[in-house]
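Asker: The primary structure of each chain is shown beneath.
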Amino acid sequence: MGNRPLDKLNNVLNESVLVRLKGSREFRGILQGYDVHMNLTLEDAEELVDGVVTRQIGTVVVRGDNVVYVSP
Amino acid sequence: MGNRPLDKLNNVLNESVLVRLKGSREFRGILQGYDVHMNLTLEDAEELVDGVVTRQIGTVVVRGDNVVYVSP
Amino acid sequence: MGNRPLDKLNNVLNESVLVRLKGSREFRGILQGYDVHMNLTLEDAEELVDGVVTRQIGTVVVRGDNVVYVSP
Amino acid sequence: MGNRPLDKLNNVLNESVLVRLKGSREFRGILQGYDVHMNLTLEDAEELVDGVVTRQIGTVVVRGDNVVYVSP
Amino acid sequence: MGNRPLDKLNNVLNESVLVRLKGSREFRGILQGYDVHMNLTLEDAEELVDGVVTRQIGTVVVRGDNVVYVSP
Amino acid sequence: MGNRPLDKLNNVLNESVLVRLKGSREFRGILQGYDVHMNLTLEDAEELVDGVVTRQIGTVVVRGDNVVYVSP
Amino acid sequence: MGNRPLDKLNNVLNESVLVRLKGSREFRGILQGYDVHMNLTLEDAEELVDGVVTRQIGTVVVRGDNVVYVSP
Numbered sequence: 209m210g211n212r213p214l215d216k217l218n219n220v221l222n223e224s225v226l227v228r229l230k231g232s233r234e235f236r237g238i239l240q241g242y243d244v245h246m247n248l249t250l251e252d253a254e255e256l257v258d259g260v261v262t263r264q265i266g267t268v269v270v271r272g273d274n275v276v277y278v279s280p
Numbered sequence: 209m210g211n212r213p214l215d216k217l218n219n220v221l222n223e224s225v226l227v228r229l230k231g232s233r234e235f236r237g238i239l240q241g242y243d244v245h246m247n248l249t250l251e252d253a254e255e256l257v258d259g260v261v262t263r264q265i266g267t268v269v270v271r272g273d274n275v276v277y278v279s280p
Numbered sequence: 209m210g211n212r213p214l215d216k217l218n219n220v221l222n223e224s225v226l227v228r229l230k231g232s233r234e235f236r237g238i239l240q241g242y243d244v245h246m247n248l249t250l251e252d253a254e255e256l257v258d259g260v261v262t263r264q265i266g267t268v269v270v271r272g273d274n275v276v277y278v279s280p
Numbered sequence: 209m210g211n212r213p214l215d216k217l218n219n220v221l222n223e224s225v226l227v228r229l230k231g232s233r234e235f236r237g238i239l240q241g242y243d244v245h246m247n248l249t250l251e252d253a254e255e256l257v258d259g260v261v262t263r264q265i266g267t268v269v270v271r272g273d274n275v276v277y278v279s280p
Numbered sequence: 209m210g211n212r213p214l215d216k217l218n219n220v221l222n223e224s225v226l227v228r229l230k231g232s233r234e235f236r237g238i239l240q241g242y243d244v245h246m247n248l249t250l251e252d253a254e255e256l257v258d259g260v261v262t263r264q265i266g267t268v269v270v271r272g273d274n275v276v277y278v279s280p
Numbered sequence: 209m210g211n212r213p214l215d216k217l218n219n220v221l222n223e224s225v226l227v228r229l230k231g232s233r234e235f236r237g238i239l240q241g242y243d244v245h246m247n248l249t250l251e252d253a254e255e256l257v258d259g260v261v262t263r264q265i266g267t268v269v270v271r272g273d274n275v276v277y278v279s280p
Numbered sequence: 209m210g211n212r213p214l215d216k217l218n219n220v221l222n223e224s225v226l227v228r229l230k231g232s233r234e235f236r237g238i239l240q241g242y243d244v245h246m247n248l249t250l251e252d253a254e255e256l257v258d259g260v261v262t263r264q265i266g267t268v269v270v271r272g273d274n275v276v277y278v279s280p
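Protein chains in written order, with our numbering: chain A, 209 to 280; chain B, 209 to 280; chain C, 209 to 280; chain D, 209 to 280; chain E, 209 to 280; chain F, 209 to 280; chain G, 209 to 280.
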């Protein structure tokens, strides 16, 4: 079913997403990959703390257990 | 049995739900999908902090381990 | 054995239960379903914070890892 | 081996136990059942906070991940 | 290999051990049993908080996820 | 798929990475190995707290559940 | 592959390691054994809090989920 959470991530591969992590950190970047743990690969990512861009981080592999939500 | 927790989520697909997360965050949106981890896909979602709408977020994939409850 | 924890939940299906969650939140409602993770479906539920009813919430699916105890 | 932790719980079925939970909560009651997650069923239970009885709770199903220890 | 962590616990069965738990609690007692989760059975145990004996607790079944370390 | 999170780690073996841990600790070092839990082996690593190098640590094996993200 | 995290632990058996735990506790000792959970057996161990030796603890079995990193 195309609306299952991991299918939805598959649908937005190569698109820009906002990734909210536990704590106050967010990433905005291009979703390049994911797996069943919701580990994520982002490209051209920037890190935001409290909504302010704090770092241009480029490529980043995020461990899934830190993820609160992903929004395309 | 139609009253098992995941069956109940299945019964309210395409309906509006309130999703309470750990911490003070909630989402209200249309439940489009779920899986056994209680990962959720919401559409037309808005984010609430302490009951106040803070963001129109559209589509969002929530990682299940953040969920406290889902209420249709 | 009818006294194993999940059997006990089975015995009180359709009865009123008190569900204590981590933090200060409780639900009182009719237990309509459960699964091996202790995910719960309640109907006619009310939410209590510090023992005071704060919300009539109707149907609610609670994710099991938030549960401290269930008392019929 | 009768001294493995779950065997020990089996040995004290129908006896009074003290159950220490994470945080400052304890239960004293008759151990009626348990499972491999250390989910517990207690009967005639009372809840103690900081060593003081705060509630006569009767039957209670405790989710195992809250348990620190069980002492007969 | 006799030095693997669970083998080491097996080697000290029926001996006195110090069990450090998350938070400031420790137990000293005779290790009577254990399992793969590091659930432990202690006999003739005493509870220490900040290094001070606070309770003679006799037999106690400790849930493994609370354990920081066990020292014979 | 070469963009899956663990594939991405494989692609940067023997390269310098920044590893952000839960809390305020980071490591910078050469990624020598990883596994499915995102346990990591770093060589020539230095530890940073709040962005300041606090220790030259050489070889270090990081347990995966502490990892927030890895960035090449 | 000899650089995978558990292989690396295998390579330093019988050598002195520094084990950083969650919180401010560290152990220095001889790594005698480990398993897939990163449970560890140390011999001739000393406990450090904030970098200061607080206890000569001899043999210690550390439960893996407390480990942040191991450094030979």
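Any given hint could be a false lead.
Listed next, the stretches of chain C that the computed footprint assigns to chain D, with coverage defined by at least 3 CB atoms under 8 Å from CB atoms of chain D [unchecked claim]:
no. : stretch
1   : 232-242
2   : 260-272
Derived Cβ-Cβ restraints for the label pairs, each shown as a range [stated by the list, open to error]:
no. : chain 1 : residue 1 : chain 2 : residue 2 : range
3   : E       : N219      : C       : R263      : 48 to 56 Å
4   : B       : D258      : F       : V260      : 31 to 39 Å
5   : E       : N219      : A       : N219      : 51 to 59 Å
6   : E       : N219      : C       : G259      : 25 to 33 Å
7   : F       : R263      : C       : G272      : 34 to 42 Å
8   : A       : N219      : G       : E254      : 51 to 59 Å
9   : C       : G272      : B       : N219      : 54 to 62 Å
Keep in mind the hints are simulated off the structure, nothing from the lab.
Heads up, the beta-carbon is just placed ideally off N, CA and C, and yes, glycines get one too.
Asker: Does each hint fit the structure? Answer for all of them.
Answerer: Going through the hints against the structure:
1. 232-242: violated (count 0)
2. 260-272: violated (count 1)
3. E:N219 to C:R263: 48 to 56 Å: holds (55 Å)
4. B:D258 to F:V260: 31 to 39 Å: The hint (31 to 39 Å, Cβ to Cβ) holds, given that D258 of chain B and V260 of chain F are roughly 35 Å apart.
5. E:N219 to A:N219: 51 to 59 Å: holds (54 Å)
6. E:N219 to C:G259: 25 to 33 Å: violated (49 Å)
7. F:R263 to C:G272: 34 to 42 Å: holds (41 Å)
8. A:N219 to G:E254: 51 to 59 Å: This hint holds: roughly 54 Å between Cβ atoms.
9. C:G272 to B:N219: 54 to 62 Å: Given about 19 Å between the Cβ atoms, the range is violated.
Going down the numbered hints, you'll see the structure goes against 1, 2, 6, 9, while the others check out.
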